[in-house]
Structures are given as structure tokens and as C-alpha cells.
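With chain A fixed as given, assemble chain B onto it according to the hints.
Single-letter residue listing:
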Amino acid sequence: MNTFVKKIAGLLSVGVLSIGLLAGCGSGSDKASKDDNIIYLGAAGPFTGDNAEYGTEWKKGFDIALEEINAKGVAGGKKLQIIYEDTQSDPKQSATVAQKFVKNDKIYAVFCDFTTNSTWSAAPIYQKAGLVQLAPNPSHPQLTKPGNYIFQLCPTQADQAKALSTLAVDELKAKKIAVIYLNTDFGKAVKDNVVTAAKAKGVEIAGEESYLPTDKDFKAQLTKIKTGNPEVIVLGSYYTDGALIVKQARDLGINAQFIASSSVHSPALFQLGGSAVNGLITMSVFNVSNPGETLKNFSAKYSSKYKANEPDTFATQAYDAIRLIANAINKTYEKNKKVTRQGIRDELASTKDFPAASQDSITYSANRQLENAKLYPIIAKDGKFLPYKK
Amino acid sequence: MIRNRKYILLQIIAVAIISVPFILDDKYIFHIAVMSGIYMILSMSLNVQLGFTGLFSFGHAAFYGIGAYASALLTRDLGLPFVAAFILSGLFTAFIGTLIALPALRLKGIFLAIGTMCFNEIFCLLSTNLESLTGGPAGLPDIPVPSVFGLEITQPKDYYILITLLVLVTYKVFDNLIKSRHGRALTSIRDDEIAARAIGVNITNYKIKVFAITAFFAGLSGSFFAHYLSYISPSNFALSESFNLMAMIALGGIGNLPGSIVGAGILVIIPEVFRFLQDYRELIYGLTIVLIVLLLPQGIIGWISGLLHRQQTSQDLAGSPKKFSVETILHRI
Numbered sequence: 001m002n003t004f005v006k007k008i009a010g011l012l013s014v015g016v017l018s019i020g021l022l023a024g025c026g027s028g029s030d031k032a033s034k035d036d037n038i039i040y041l042g043a044a045g046p047f048t049g050d051n052a053e054y055g056t057e058w059k060k061g062f063d064i065a066l067e068e069i070n071a072k073g074v075a076g077g078k079k080l081q082i083i084y085e086d087t088q089s090d091p092k093q094s095a096t097v098a099q100k101f102v103k104n105d106k107i108y109a110v111f112c113d114f115t116t117n118s119t120w121s122a123a124p125i126y127q128k129a130g131l132v133q134l135a136p137n138p139s140h141p142q143l144t145k146p147g148n149y150i151f152q153l154c155p156t157q158a159d160q161a162k163a164l165s166t167l168a169v170d171e172l173k174a175k176k177i178a179v180i181y182l183n184t185d186f187g188k189a190v191k192d193n194v195v196t197a198a199k200a201k202g203v204e205i206a207g208e209e210s211y212l213p214t215d216k217d218f219k220a221q222l223t224k225i226k227t228g229n230p231e232v233i234v235l236g237s238y239y240t241d242g243a244l245i246v247k248q249a250r251d252l253g254i255n256a257q258f259i260a261s262s263s264v265h266s267p268a269l270f271q272l273g274g275s276a277v278n279g280l281i282t283m284s285v286f287n288v289s290n291p292g293e294t295l296k297n298f299s300a301k302y303s304s305k306y307k308a309n310e311p312d313t314f315a316t317q318a319y320d321a322i323r324l325i326a327n328a329i330n331k332t333y334e335k336n337k338k339v340t341r342q343g344i345r346d347e348l349a350s351t352k353d354f355p356a357a358s359q360d361s362i363t364y365s366a367n368r369q370l371e372n373a374k375l376y377p378i379i380a381k382d383g384k385f386l387p388y389k390k
Numbered sequence: 001m002i003r004n005r006k007y008i009l010l011q012i013i014a015v016a017i018i019s020v021p022f023i024l025d026d027k028y029i030f031h032i033a034v035m036s037g038i039y040m041i042l043s044m045s046l047n048v049q050l051g052f053t054g055l056f057s058f059g060h061a062a063f064y065g066i067g068a069y070a071s072a073l074l075t076r077d078l079g080l081p082f083v084a085a086f087i088l089s090g091l092f093t094a095f096i097g098t099l100i101a102l103p104a105l106r107l108k109g110i111f112l113a114i115g116t117m118c119f120n121e122i123f124c125l126l127s128t129n130l131e132s133l134t135g136g137p138a139g140l141p142d143i144p145v146p147s148v149f150g151l152e153i154t155q156p157k158d159y160y161i162l163i164t165l166l167v168l169v170t171y172k173v174f175d176n177l178i179k180s181r182h183g184r185a186l187t188s189i190r191d192d193e194i195a196a197r198a199i200g201v202n203i204t205n206y207k208i209k210v211f212a213i214t215a216f217f218a219g220l221s222g223s224f225f226a227h228y229l230s231y232i233s234p235s236n237f238a239l240s241e242s243f244n245l246m247a248m249i250a251l252g253g254i255g256n257l258p259g260s261i262v263g264a265g266i267l268v269i270i271p272e273v274f275r276f277l278q279d280y281r282e283l284i285y286g287l288t289i290v291l292i293v294l295l296l297p298q299g300i301i302g303w304i305s306g307l308l309h310r311q312q313t314s315q316d317l318a319g320s321p322k323k324f325s326v327e328t329i330l331h332r333i
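Here the protein sequences line up with chains A and B, keeping their order.
Read in the working numbering, the first sequence has 228 at position 228, and its numbers run on one by one without any break.
Read in the working numbering, the second sequence has 184 at position 184, and its numbers run on one by one without any break.
Hints may contain errors.
Simulated pairs of lysine-lysine, DSS-like, Cα-Cα distance not exceeding 27 Å [as the list claims (entries may be wrong)]:
(1) B/K157 to A/K103
(2) A/K128 to B/K27
(3) B/K27 to A/K103
Bear in mind the hints are in silico, worked out from the structure with no lab data behind them.
Computed from a prediction, not measured in an experiment: that's the story for all the values here.
For reference, chain A alone in the conformation it holds in the complex:
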């Protein structure tokens, strides 16, 4: 390249940078316009990066909920609107976005984030600012410990482990079980809770193998598990890795029954796993065998809007997240004739028997976690999840 072109191109790239700087400063501060008829909510989640597919499901769930809510209006006819900020579920970016959200006094509540790590790194900031942080997906049993502004929407791993070990021991009558788990806070929590619960029931643990988020080949772990000859293998995985593990296990001639935490409950499991995932039993956070009105309504809207079979856990929880906040906004408005961050927190904390899609009804405990969270066993069969019956 000759020097002239080089110089021009160099100038251009520096130019792009400085234009970006100017544009960023201009648009960043004015995103929430001064329209008093809109109540803004912040959504900090993985909209790009490794977990982007889950963020996409969030958006779908949010959109359906917003259409419903805005048709009626909240707090005396106001509209809800979401400001999206991408964190890639990276703890560092999550904290940055938190600072951005708390300084914007038009934002009344925030959905944050997809993983426990990124939820916790933002937690001190939301707590200090007194802004509700509703985490739709993380299932760490201690998630809400950092402060009284964090709310959890997913049944915790303790709930899941109880259901999974009951399924393995009482229903499937397994004597030996093995666990394969993703080595993150999530997978670890699945493993710890399942192992403790199973041991308490006198079941032998035939193997515990972990893998890293970037792993695509699980043959080493599976071969080791195979030597233990377990009857049931428990997966602490998301659906992308879960599908691969089951597929590779079948290739290796492992015929054990797979059971998995609710994080594999997605139609994408079948696209990735094909017929290999047939017979996998997982937990659904929502009641598939006997869906309530809210879930039926959401499923129908989701299927027609996105031309998909059924919504997954992430979209359903996102849908509920907004409805919970809208409900809290309405209640605090009725009582105080105005909406405040504090008011939303107090009303959200006292949520009781709220009809929801991801659970039949939601009641928040004193720890801001689900009280009496229910999980429903489902079995994967020919591209569909069916209610599991013995």
C-alpha cells in the first residue's frame, strides 16, 4: 500500500473513532426522552456475545408482555418502555451498565442479568441506588443475598436438585447416578445440590465430571463416566452443550437415562441433538401438562408471533418479569398516586399469588425468592416435550 493511501485510511479510522465519541455522548444521555407518559425499565443482558441467543429470547418475551400491558396502560394510562443495554453477561460490563442505569432517574426498575456472576457484580450498585434488580434466569440458591433490591424469578438449584434427585431415586429407582456439569456457578450448584440430595437418599455417586463453557468434545468425561456404569446421568448444562453431551454419549454406547436441569428446556435442544435426545427427562419451570390461563395465552401469542412451536424458559421468564414489575407499578400507584423506585420494590416484595406463566402463581418469600417453587418433569420425544409420567 502506498503511503498516501495509508495516511488517508489512518485519518479515516481515527475520524470514525472521534465521530463515534461525539455521537455516543450525544445519544447516550438522551435515550430516555422527557416524555412523562412513559415509564422506562432497563434491561441489561446478553444481547451479543456467547450468550446472545438467550438475550434474543428475553426480547421476544418482553415484546409480548409489553404489547399486552401497553394496550391497557400502567399507573393510570402510562406506557412501559424498555431500554436495552448489552452486557454480554460479562460481570465487568454489567457493572458499567448498572452505573448507566442508576444515574438515569427515568428508569424505575431493571432486569439484570443472565448469570449469577454478572448479577452479583452489578448488585452493589443497584442496591446503593435503591433500584429494583430483577434477575430472570440465575438460579443460584444465594442469589438474593447481596441486598434487598435483588429479586429472583427462577426456582433455585436447591429446588431443582430436590426435584431431580426425587425423580432419579423415587421414580427411576436408580441405585447409581453420575453427574456431568458445566464448571460455572450454575453447573456447580446443580452438581452440589444433586449429589448431597442423592447421598442423603443412600444412592451411590458413580462419577462427577465437569467441563468448561468453551468445550465441544465431551468424550473424555463420558468415557470416564461409562466405567462407573451409572443408571442415571444428571446434566448440569445449558441446551447447547447438553445436546452435544447426549449425542456423544449415545455414540459411545452409553445407554443410561439422562436427566437434566430446566436449562435444557428449549426447542433448540432438538435442532442440536436430533433423535439422540429422545427420552431425556428434564424439569420444566412451567406447567406443561396442565397449563394455566396465563401460560396458554402466552404460548399461543408466542407461537403465532414468532412462528415457533412453543416458548422456552428464557422467553417465559422474561414475559413474567415485566408483568411482575407492571403489577408492582400499578399497586404502588394505587396506594401513593405516584410511582417511585422504592414503591416498586416494596410492592414487588409483597407479591402474593400472582398468576404467571413460568409458574402457576408467584409469591415472593422474605428472601425475595420464589416461595413453593414447583417444577414439572417432562420428557423429550420426537421434537416435542411431553409431560413425563411413570
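Quick look at chain B alone, frame taken from chain A:
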């Protein structure tokens, strides 16, 4: 004349930096400034290793993490005050740096790069799996708020003042180091090890010292980061973070200390600035970096000073660190 102008420019920048907290009160901006500060210290220390001594270390994020974990554990579990934990974590990281340097320095060029990369990976695996010590993948929450001589630091603004001081101290230390006799020894190692040995430079000794001192500053910034966010987890110190630091110094200029400051600042600020692009922000971010590295191999600062001093190029450039660029590195590997 030029010296004078430079002096005035520096004064203007200094006044601007100091006056910011008095005019502005935006926690988000201060947060970004604090994060930039943390990365400025990291990239300056990496630059001394790579740009001035020619050691390819891809494990810098591990030192950053060691400092963070050390400081978090010292204050959280042993109840030490912040100032003590801050300095101790720096010293501890320097100690680990020395230990790593001993075997690592038997490796050269790309092999050193691979070795340090593995060190980073080992650190991540340890911090993920030593659950009783590091909290495992869930990390360490509730790291105490720092207090400096009785003053509790809670606002991003206070952190901004602290980190600014720290960046200045780091810059001064490294700048003095580079301009000293020892600095010239380091550059001689970078340019030609055999020649350096021939004129009596104790190469191994210098390399170990460089590892120790750069690890010390990486540890300090780790400690600062841990107390600032009050939560750390292994994913903060993954290998990708080391690559990120590499990109920062390549962007600012390898072997150029002010360049590291600019590079770190830009790479922390750009992803925030491009937020309005929503899903395309990573694309533009990547594209900008590729363009700059491709077209300005001497980094932004190298390019700007090249433009300013075009008339006195030839004799000025000879032997200056600007010659050491991305191209030279790739060539050497």
C-alpha cells in the same frame, strides 16, 4: 521551543484531569474513567515487559487476578485494612511474578508467549476449582469498601481521584525506570540479547526484575479493581483479558508509555461509545481496532508524533522505541 509547547500541553491536561470532579457529577462517566485507569496501569506495566524488554507475556491478566484475589482475601477473611492489603497484594503478586519468571525465562519468543498463556489458563482453572479459597466459579462477593486513613471511599468520584493518583505514580515510576541506566539495559536486551550480554548486562537478572516490578503494578490494579467492584469472579481474569491488554498496547504504541495510556483509555471507552449501535457495536469495535493496527503499526501516539515531527524524522527516529512495532514483533515471532 517544542519542549516548551509540550510542557504547556501537559499542564493543560493536568488541570483538566484535576478539575473534572468539581464540574461534573456523573457516576457512569466516573465509572468508565476508573475502569480506564485500572487498564492504564495494567497496559503500562505490560508495555514495560513487552515494549521495552521484548518479553512476550500473554499471562498479564493472571497477575491482575492474583492481586485481586489476594487483596480480597486479605481484607475479607483476615480483616486487614485496605491500605495494607493493597500494598501486600502488590508485593505478593511481585513474588509470584518472580517465581514464574524463573522457569519462564528459559523460553524465548513465541515459546515464552505460550508458556505465559498457559500460566494464565492455570490461574483461571485454579481460581475456578479451589473453591474453599476463591469461592469457585461464583467468585468472591462482599469485598469490603476501602478506607484510606479513616476515610471511607464509596463514590466513583473518590475512586476516580485515587486511580488518577495511582496512574500518575505508575507512569512516573516506569518513565524514570525507562530513562535510567536500567531502562537502557532493558532496551538493549530487547534489541539484541547477545550484544547486551557482550557489554555486560546481566540479562537474567534484569528479566526477573522486570517480571517482578510489572507484576507488582498489575497486582496493585487488581487489588484496586476488587475493592472498587466489591465482587470478583474467575471470568474477570480469563485469557481474553490478556489479549485485550495486548490490543491496548498495540493500539497505543508498543514501547511507548503514553501510548499505553491512550490505548487503554480508547479500548475501555469505545465499547461504551458505540452502545447506540446496539447489536452491531462489537462489529464496529473490532473493525476499528483492525484498521488502526493495520494502518498505524506504530500505534496512535506513534502516528501522531510522527505527523508532528515530520521535519526532524530521520535522526530522531533512529534508535527510538517507535521502531519497535507490531510488524517487528510479528517478524520476530
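We went through each hint and held it up to the structure:
1. A threshold of 27 Å between alpha carbons decides the hint, and for B/K157 with A/K103 the separation of about 14 Å falls inside it, so the pair holds.
2. Our distance criterion of 27 Å between C-alpha atoms is met by A/K128 and B/K27, whose separation comes to about 12 Å.
3. Restraint check for B/K27 and A/K103: satisfied, since their Cα atoms lie roughly 7 Å apart, inside the 27 Å limit.
Every hint, counting from the list given before, is met by this structure.
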